[in-house]
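Trainee: Could you build the full structure based on these sequences and the hints that come with them?
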Amino acid sequence: MRRARIMMAFAVAGATAVVGVLSLVPGETGSQAAQSVARPPSPGDPLTGDEVTRAGRIASATWRSHMTTGRAELLYVERDDDKAAGERRRADAYIYDYRTDRLVVRTVDLARGEVVEERTGRGVQPPPSRGEETAAAELLLADPKYGGRVRAAHLKAGGRPLVSAADLGLRALTFTPRPGDRVAGACEVHRCVRLFVRLPDGSWLDTSRIVVDLSAKKILTLEW
Amino acid sequence: MFLRLTLSSALLAAGLTGATGSTAGSTETAGTAGAAEAVRAAAGSAGAARAAQAAPGSQPSCSSPYRIDKTLPNGARWQLCWEMRTIEGLTLTDVTYTPDGGEPTGVLRSTALAQIHVPYDSGEPRFHDIGTIGDDAIALKSADCPGGERRSQFVCVTTRARGHGYMKSDGEGVSTSVQGTDLVVFAAFQLGWYTYLVEWAFGDDGAITPRIGATGSLSGFTTTPGYGWPIGVGSTKFEESHNHNVFWRLDFDIEGSRGDVVEQYDFAGSGTSKRKLVKTVFDEETKAVNGRMRWWRVVDSGVRNADRHPVSWEINNLASAEYRGPADEAFTRADLYVTDYRACERLASTNPTPGCGKSLDRYVADGKRLTDPVVWVNVGFHHVARDEDADPMPTHWQGFRITPRDVTAKNPS
Ligand SMILES: [Cu+2]
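Heads up: the protein sequence lines correspond to chains A and B, in order.
Using our numbering, you'd call the opening residue of the first sequence number 1 and step up by one each time.
Using our numbering, you'd call the opening residue of the second sequence number 1 and step up by one each time.
Hints were generated in silico from the structure; no laboratory data involved.
One or more hints might be untrue.
[Stated by the list, open to error] Subject to a maximum C-alpha distance of 16 Å in a straight line, what follows is the list of computed EDC-like cross-link-like pairs (lysine to aspartate or glutamate): (1) A:83 to B:340; (2) B:358 to A:188; (3) A:83 to B:372; (4) B:237 to B:387.
Mentor: What follows is the structure, given as C-alpha cells:
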C-alpha cells in the first residue's frame with residue numbers, strides 16, 4: 001500500500017522473449033523503499049526504491065527462465081542483512097509459485113547484479129503480500145455464500161454499493177492448519193490466508209472462520 | 001583484515017608484540033583476553049581493545065534519515081540505525097552506547113519484533129500477527145511524536161523523562177537528585193483491529209527497554225462466560241479473553257560478534273536464610289523459563305570496564321503471563337531462547353525462509369554450539385477485557401529490561 005510494489009505475473013503460454021507484466025506502483029514509499037537519493041546508500045540503509053525494483057527484476061527474470069508452467073508472484077523484496085555478506089548490498093526476493101506450491105527466496109547481490117543464492121521449499125509460508133490480499137478478497141467476493149454478505153455489509157456501512165475489492169480495507173495473514181484440521185488440511189502445503197476486512201465505517205467483518213486457499217482458489221470455512 | 005591491523009598496531013604501541021591480532025576478542029583462552037585487557041590498560045582507555053573486535057558504532061553503517069545519534073542531557077550517547085522492514089516492521093541495528101566520558105560500546109547488531117502470537121481462550125482463533133507489518137505502519141502526525149522528530153513519516157525519535165536517576169541526602173537534610181531521560185524510538189502499526197505501539201527506550205543510565213503497547217479496538221469476538229468477560233450493558237456479551245505473546249529477537253554483538261557468551265544466574269536457597277549465586281553458562285543453543293530471582297546476561301570477557309570487569313548486558317524483568325500453548329505451538333513453552341546466529345532465523349513462529357526452521361523451538365532443537373548468540377525474549381500478556389477497554393481501547397504495555405552490568409565502573413548518571 002505504502003511500499004513501492006512490484007507485481008509480476010507469469011503467463012503460461014509460449015511467452016519466450018516476452019517479459020512478464022511488470023507494474024510498479026509509484027509514489028508512496030514506506031517499509032522497504034528508502035527515498036530516492038542521488039548518493040549511494042550506506043551499507044546499513046534500507047533498500048532504495050530503485051534497488052527493490054532492480055532486485056525484483058533480476059530475481060524474477062532468472063527464475064522465470066527455469067519455469068515451464070505455472071503462475072507465480074513476486075511477493076516482496078527485503079534487504080538481506082546476513083552478517084556473512086559483510087557490507088555488500090543484497091536483497092532477498094520472495095517468489096511464490098502457486099502451481100507447485102513452492103516458495104523461492106532468491107538473494108540478489110546488487111553490485112554484481114545477479115542471484116547469488118536460492119532457497120526453495122514447500123509448506124513454507126511467508127506473510128501474504130498486498131497483491132495476495134487483493135486476490136484473496138476477490139475470491140471472497142466471488143464466493144456464492146460470502147460474496148453477497150460482504151456486499152450487503154459494505155452497503156450498510158458505507159451507504160454505497162461495493163465496486164471492487166479496493167473499496168475494502170484489507171489485511172491478510174498466513175493460515176497454517178492445526179493438527180487434524182478436517183477442513184483446511186490442504187493448507188499444510190497450499191498457500192492459505194486469513195483475511196481481515198474493514199468496512200467504510202471502520203468496523204471489521206467477522207472473518208475469523210474464513211480461510212482463503214489461494215492455491216486452489218477456494219474459500220474454506222473453519223469448524224470450531 | 002582491518003581489525004587485525006588495528007589490534008596489531010595497538011599491540012605494538014603497547015609493547016605487547018607477543019600476541020597475535022587474529023585471536024582478538026576470543027574468550028577461549030585466558031591469555032588472549034588478558035592480552036586485550038592489557039592493551040586497553042596500557043593505552044589508558046578501552047579504545048584499542050574495543051576497536052580490535054569489530055566495527056563499533058563510531059562508524060555508523062547508515063546515513064540520514066536512518067541514522068539516530070542522540071546525546072542525552074547527562075552526556076550519555078546512543079547511536080543506532082533504523083529500518084522499516086516489510087515483514088518485521090521497525091528494526092534497529094548497530095546500537096552503540098557511549099557513557100559520558102567513556103568509550104563507545106557496540107551492544108546490539110539488530111533487534112526487532114519476532115512475533116505477536118494471539119491465541120483466544122476458547123482455543124480458536126489463534127493468530128500469528130506478524131505479516132507484512134512494515135506495510136501496516138501508521139503515518140505519524142506531529143502530535144503522535146511529542147517533543148520529537150518524525151523520520152520518513154513512520155518512525156518517531158524523541159526523548160522522555162524517566163523519573164529520578166538518583167536521589168541522596170547528605171544526612172544534614174540536604175539532598176541531591178538528578179532526573180533521568182530516555183531516548184525513545186517507536187513506530188505504530190495497525191494490525192487488524194489492534195494498534196500496536198512498538199517502542200525501544202534507551203536510557204541515559206545505559207538501559208534499554210523494549211516494549212509493545214496494544215491499543216486500538218478489541219476484536220469483538222464473543223464467547224461463553226467461561227472464556228470471556230461481560231462488556232457493555234448487562235451480562236449478555238462476553239468478550240473473549242486472549243493472550244498477546246510477544247517475541248523479540250535480539251542479536252547482541254558486544255563490540256562485535258565474537259566473544260559473546262550468555263549466562264543464567266539463579267540464587268539457590270528458597271526457604272532458607274541464604275541465597276547462593278548459581279551461574280550457568282550456555283554453551284549450546286537452549287531455552288529457559290523465568291524464575292523470580294533469575295536473570296540472564298550477555299557478556300564479552302574480551303571487553304572490560306575500568307575496574308577490569310567484563311562488560312555485559314543483563315536481561316531481566318520479563319513481566320510475562322507465561323502462556324504455554326499446545327504441542328504444535330512449542331515455541332510458546334519457554335520465556336527466553338538462545339540460538340546461534342543464522343540470518344534466516346527471523347521469526348519465533350511462521351518463519352518465512354525455506355531451508356530454515358519454522359519456529360524457535362526448532363531453532364534450538366539441535367543444540368548447536370554457541371559462537372554468536374542471538375537472544376529471543378517471550379513476554380505474554382493475558383488480556384481479559386473490561387468495560388474500560390471500550391473504543392478506543394486504553395494502551396496495555398508489555399516488555400522487559402536490558403540493563404548494563406559492569407559497562408561502566410561507576411554510576412553513569
Ligand atoms: Cu488484547
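Trainee: Taking the hints in turn, state whether each one holds.
Mentor: Taking the hints in turn, this is what the structure says about them:
no., hint, result
1, A:83 to B:340, "holds (12 Å)"
2, B:358 to A:188, "holds (13 Å)"
3, A:83 to B:372, "holds (11 Å)"
4, B:237 to B:387, "holds (11 Å)"
The structure fails none of the hints (numbered hints given earlier).
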